[in-house]
Amino acid sequence: MVNPNGPGAYKAIRNFKVDNAEMGDMIGKIDLDGAKLEDVVADWMKSNESRWKAWIK
Numbered sequence: 000m001v002n003p004n005g006p007g008a009y010k011a012i013r014n015f016k017v018d019n020a021e022m023g024d025m026i027g028k029i030d031l032d033g034a035k036l037e038d039v040v041a042d043w044m045k046s047n048e049s050r051w052k053a054w055i056k
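When the sequence shown is numbered by numbering that gives the first Met the number 0, its final residue is 56 and no position is left out of the sequence of numbers.
By construction, these hints were calculated from the structure, which means they are not laboratory data. Possibly wrong hints are sitting among the right ones.
As the list claims (entries may be wrong) - Calculated pairs, EDC-like style, for lysine to aspartate or glutamate (alpha carbon to alpha carbon, straight line, at most 16 Å):
id, residue 1, residue 2
1, K45, D30
2, K16, E48
3, K28, E48
4, K35, D24
5, K52, D42
6, K28, D38
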């Protein structure tokens, strides 16, 4: 059921797609390299801006 108070969030979550290789790379940067979660996410978002923006259109 779609929440009428948050249809944008619902759409973003439904469209969210990160493959196993990407997820593994991000987890490795955090768990193995000691990177901060926030930094890894920020880097991913910069590198994939057109992709995630399509999720929220």
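| Among the hints numbered above, which are violated by the structure, and what are their numbers in rising order? | 1, 3
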